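Peer 1: Sequence:
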Amino acid sequence: MDPHIKRMFLDEYAAEGARRFGISPKDLNFIGGFQNFIYSYTLGVSQYILRFTPGTLRTSEGLAAEIEWIRYLAEKGVSVSAPVLSVNGRDYERIHGNTMDFYAAAFNFAPGTKVGYPECLGNPMLYEQCGRITGRLHELSKRYKPVFRRHTWETNEYLVRAKDYLPAELGPILHALDGLKADLSSLPVTSDNFGLIHGDINVGNFLVDESGRITLFDFDECQYSWYSEDIAIQLYYLLYVFGEDSRSERKAQYELFIRHFELGYAEDGRQLPDAWKSQLDLFLKLREIIVVVGMHRSWDLTQADDWTRGFLQESTVRIIKGISLIDGFGEEGQ
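The sequence shown begins at 122 in this note's numbering and counts up one residue at a time.
Everything labelled a hint here was simulated from the structure, so no lab data went into it. Hints may be right or wrong, so weigh each one.
[Claimed, not checked] Below, in silico cross-link-like pairs of lysine-lysine (DSS-like), each with a Cα-Cα straight-line distance of 27 Å or less:
#1 Lys442 with Lys302
#2 Lys235 with Lys197
#3 Lys263 with Lys197
[To be verified] Pairwise CB distance ranges (calculated):
#4 Val166 with Gly243: 15 to 25 Å
#5 Asp148 with Glu240: 28 to 38 Å
#6 Glu435 with Gln392: 46 to 56 Å
#7 Gly165 with Gly237: 28 to 38 Å
Please read all numbers here as calculations on a predicted model, not as lab measurements. Yeah, the Cβ is synthetic: ideal placement off N, Cα and C, and Gly gets one too.
Put together the whole structure using the sequences plus the hints.
Peer 2: Next up, the structure:
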C-alpha cells in the first residue's frame, strides 16, 4: 500500500465504518490488504469482510460498478463473496477523513480454505476449477448491461502512475510499457473477446471448499479488458515463482495449466476467446510490469529478502528485454 495513504487511515475511520454496518468497532479484526484496509467481523453465526478503499484510488461510480457487477454474478449463481448492505441500505458508505475520504463496503466471507504455495502448483483439479469459474464469469460478462461502468485497462492505476512509483534508474521499464501499450491497443476488440473481467484472479483471491469449488472475491481490480488478460494473470502467479534456473519446471507448469484450464473453461460448450493463447505473451508482460510497479509502490525494498531481490532482478531484465515468462515455450510463447 502507498505509505502516504497508510498514514492517512485512522482508527476512528474504521470505527465509523463499523457503526455504519451495524457492528461494534471492537469486533473488527484487521487482516491486511495491498491497496485497501481489510477487516473481518462476525455477526451471529456468519462471518463478513469490511473493506475500506481510499478515495484517491477509486471513484464512487467505480465502486458502485464493482458492487453492481459482483451482485449480478451472485444472482446468476457464480460463487462469489456477495456484497452486504449497510444499516442505511447502501452498497457502500463514504467516510470523510481529514485529508482524504474512504469508502467502506462489506461482503460475505468466502467459504473454504486458501490454497497457497506450493499446493497450488501442479494441481490439475484446481486449474480446471479456475477455468470453469473464469469461463462462467466471461460468459456472463458478454450479457451484462451495467448501470455504472468500470474503467478500461489503459487507465489502470498501476499503468497511469508507473512513472511516479518507479525509481529513475528503471526508466527503461516505462519505455517497455509504452511499447507494450501500443501492441495491446492494436488487438481486435469484439464482444466475444473484450468485456468486464475480474482483473486479479490468483490463489490469494479465492478460497476452495471440500468439494473443490472455488469462491472468488476481491473484485477491486475489475476492469474492461480482453478476456485473455484474466487467463494470463492466473498463469503469471503460477509461473513467477520459478527462477531462470527452473525453466523446465516452469514450462511443465505452463503446459499443465493450459490443458486443464481449457477443459474447465470450455465446459457446457463455452468458447475460449479468439487467439487467446497467442495473446498470453503480451498479457504476461503486462502483469509483470504491474507487479514490479506495485512492489515499488507498496514495499520497502531495502528490506527485501534474497528471493525478492532475485525475482526483481530477473523480472526487470525480462521487462527491458521484452520477453515473457513463456518466451520460447513454443508457438504460444512467441
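Peer 1: Hints first: check each against the structure and report whether it holds.
Peer 2: Here is what the structure says about each hint:
no.: 1; hint: Lys442 with Lys302; in the structure: 15 Å, holds
no.: 2; hint: Lys235 with Lys197; in the structure: 24 Å, holds
no.: 3; hint: Lys263 with Lys197; in the structure: 13 Å, holds
no.: 4; hint: Val166 with Gly243: 15 to 25 Å; in the structure: 36 Å, violated
no.: 5; hint: Asp148 with Glu240: 28 to 38 Å; in the structure: 31 Å, holds
no.: 6; hint: Glu435 with Gln392: 46 to 56 Å; in the structure: 35 Å, violated
no.: 7; hint: Gly165 with Gly237: 28 to 38 Å; in the structure: 29 Å, holds
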